[in-house]
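Engineer: These protein sequences, in sequence, are chains A and B.
The opening residue of the first sequence carries number 1 in the numbering used here; numbering runs sequentially from there.
The opening residue of the second sequence carries number 132 in the numbering used here; numbering runs sequentially from there.
One or more of the hints may lead you astray.
Derived lysine-lysine pairs resembling DSS-like cross-links, with alpha carbons at most 25 Å apart [to be verified]:
| no. | chain 1 | residue 1 | chain 2 | residue 2 |
| --- | --- | --- | --- | --- |
| 1 | B | LYS346 | A | LYS110 |
| 2 | B | LYS366 | B | LYS421 |
| 3 | B | LYS346 | B | LYS421 |
| 4 | B | LYS366 | B | LYS428 |
| 5 | B | LYS366 | A | LYS102 |
It should be emphasised that the hints constitute simulated quantities derived from the structure, not laboratory data.
One letter stands for each residue in the lines below.
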Amino acid sequence: MPLGVLLPMVVLGIMGLALLIRVLRPTPPLRFSSPEVARNIWDRRNPDDPACDVQLDAAESAALITTRTGAGLLWSMGADPVARRFQSRCVCVETRTGLVVKTGDFTAPKIRLVLPDRDVRRRWCQILEGQ
Amino acid sequence: MTPHYPDVVNMAVPGFVALIVIELVWIKLKGRGGRYELRDALTSLLLGAGNVAAGILLGFVTVTFLYTLWQYRLFDLGYSVWVLLLCFVLDDLRYYWVHRLGHRVRWVWASHVNHHSSQHYNLTTALRQTWTGTFTLMMLLRVPLVLLGFHPAMILFSGGMNLIYQFWIHTEVISRMPRWFEAVMNTPSHHRVHHGRNPRYLDSNYAGVFIVWDKLFGTFVPEDSAEPVEYGLVKNLGTFNPLRVAFHEWIGLFSDVLQPGLTLRQRLAYALAPPGWSHDGSRMTSDMLKACDGSLKAAEPQHAGGS
């Protein structure tokens, strides 16, 4: 197929579909409505290292998980959860509304947390950077 | 004279887009049959576009290889419809083994993993295709077909038709097809299982078109309504960046292979053993995950009885 036909077809197809999904919004973003919901998701993904303590961020889109072996984060990637125990040291950068956690993990490089309370922000930072 | 075989995959692009629109509207109207999330779908679509670009840039490698090999064919089977049908079936058998190796050899998995990297299962997931397939050298599995006398153009056409068939099975809208169809063909139900991260569903249903290959080679697992499929990877990605999705396993593979203090055998195993293999046992392969899951499930009734 000539590039002059293929290229516009692919570009217009992607743009049109993205626009349609944006308008229809068929699936809402994932929110952890309670610490128990977050705990269940974490435990299902980490049966060998279940959660001992769960704290949600203000947007209910992320949770700081403490386990017997350390700490991890559970957060929503659009409509789905992702869980990580970080093997390398994290770096927390404070923003006006919370934290940006730089993980050093190529598959999950940056996580945004909504933590308006400065004390809570510092506590999360200490736990995450202390890994 | 060689007949002209059309570039069916690129020709099918408008059909792919139309079916995605229909699925999307169906899910919105019915409130069931799958999930769509903008960034996830966009990542899938961009990976699909990247696959087309990779085909334009690197497709000549496979084509040149097959046409060179054609000069050394043992037979020439010609171009009849029957030969084409036989070619399609045998190419599907070839696909089964490429796909099985794609899950059992990390070097090939590094290319295939992005197809499994979405936690969604909809028609855009079908387009989440590799950019690095050429580097896996899986074109070698086409050698027997060429030497047997199937023309390279016919083999590539069959591969394209195989890929198009697999598009429609990436959906939750269709629950089950008629029983006779489910028995012979790959279907949305069979392929949902293949995309599952549940331990019992790992490494199963590798078929492209005919599910009979899985039944024949012992890798068939039926969808169990008691255990809904959870889609994605054992360790899901925390990024929608297509570049990270496309290359993350290659980066992981090379950083494992090149780490200091390993023997040559260990370095080779990081590239060629099943995904999850590690020299110190710190990670889990799918076999280990299945064994663990089996032990947990076996222990569950005892717990229930004891409480």
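Engineer: If a hint holds in the structure, say so; if it does not, say that too.
Structural biologist: Hint check:
1. LYS346/B - LYS110/A: Violated - the C-alpha atoms of LYS110/A and LYS346/B are around 43 Å apart, more than 25 Å.
2. LYS366/B - LYS421/B: holds (15 Å)
3. LYS346/B - LYS421/B: holds (19 Å)
4. LYS366/B - LYS428/B: With a Cα-Cα distance of about 21 Å, the restraint between LYS366/B and LYS428/B holds, given a limit of 25 Å.
5. LYS366/B - LYS102/A: holds (18 Å)
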